[in-house]
Amino acid sequence: GENVEQHPSTLSVQEGDSAVIKCTYSDSASNYFPWYKQELGKRPQLIIDIRSNVGEKKDQRIAVTLNKTAKHFSLHITETQPEDSAVYFCAASENTGTASKLTFGTGTRLQVTL
Amino acid sequence: NAGVTQTPKFQVLKTGQSMTLQCAQDMNHNSMYWYRQDPGMGLRLIYYSASEGTTDKGEVPNGYNVSRLNKREFSLRLESAAPSQTSVYFCASSGQGFVNQPQHFGDGTRLSIL
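For the protein sequence lines, the chains are A and B, in the order given.
Take 159 as the starting number for the first sequence in my numbering and just add one per residue.
Take 384 as the starting number for the second sequence in my numbering and just add one per residue.
Bear in mind the hints are in silico, worked out from the structure with no lab data behind them.
Glycine is no exception: its CB is placed at the ideal position from the N, C-alpha and C atoms.
Take the hints with a grain of salt, since some may be wrong.
Using 25 Å as the maximum straight-line C-alpha spacing, the simulated SDA-like pairs for lysine to any residue come out as follows [said to hold, decoys possible]:
#1 A/Lys-200 to B/Pro-391
#2 A/Lys-216 to B/His-487
#3 A/Lys-200 to B/Gly-478
Chain A stretches covered by chain B per the calculated footprint, using a threshold of three residues with CB under 8 Å from any CB of chain B [said to hold, decoys possible]:
#4 183-192
#5 201-211
#6 214-223
#7 256-262
Going by beta-carbon spacing under 7 Å, a handful of chain B positions derived as facing chain A [as the list claims (entries may be wrong)]:
#8 Ala-433
#9 Asn-483
#10 Phe-488
Isolated chain A (complex conformation) (with noise of 0.2 Å):
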């Protein structure tokens, strides 16, 4: 099966700083990979998704890029502010034409300090 791994476990940044979280997948037939932000006690919300056949992907101050050879992907956040403080997780699912099986990485706590 996939596996999915997320570095750094956790990561402390000033406010106006970026930030960067490294996924690495293992499973070759996955094709798409979705970020999730949780805050303490909430959902898990997605914030930015990549496809496969996409090398980079944009939403105002989240970027993720992805390289299938390498198999990683990495989520960028530019000019932090404290609400971004969350857990943010990356994932990785094989489309197998019925339904999305999410393998999620281990979770990063960001940290944005005044």
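Put chain B on the given structure of chain A with help from the hints.
For chain B alone, kept in the frame of chain A given last:
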């Protein structure tokens, strides 16, 4: 539009007791999922249902059963609860198609087994 609704939000059980976690979605999604979230381990897929009438095992199905009651509802049952099943349980749903669709999560059920 409530999205994905889970009940109950909190539950304490004694070892050996049984209970059913309920999940309902109002987004007309075909696929539904049950995950458990433990500290430091991310989210792990327990069972999923690609469409009404079908269910399949995920990564950690032992000790659980599921029922896809109709298109809206997907329940998770613990027949004989064990302390190792203490966790936060999340239900999610997604649309269906030739490309992966984003999964939307409920608020979770926090389950403690004594």
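These are the hints, each one checked on the structure:
1. A/Lys-200 to B/Pro-391: OK: A/Lys-200 and B/Pro-391 at ~15 Å, within 25 Å.
2. A/Lys-216 to B/His-487: At roughly 20 Å apart (the allowed maximum being 25 Å), B/His-487 and A/Lys-216 satisfy the hint.
3. A/Lys-200 to B/Gly-478: Holds, because 22 Å separates the two Cα atoms, which is no more than 25 Å.
4. 183-192: holds (count 3)
5. 201-211: It holds: at least three residues are needed, and the region 201-211 of chain A offers 6 whose Cβ sits within less than 8 Å of chain B.
6. 214-223: Since three or more residues must qualify, the claim that chain B covers the region 214-223 of chain A is violated, with 0 doing so at under 8 Å.
7. 256-262: holds (count 7)
8. Ala-433: At 4 Å from the nearest chain A Cβ, B/Ala-433 passes the 7 Å test, so the hint holds.
9. Asn-483: The hint holds - B/Asn-483 has a Cβ within 7 Å of chain A, the shortest such distance being about 4 Å.
10. Phe-488: 4 Å, holds
Of the numbered hints stated above, the single one contradicted by the structure is hint 6.
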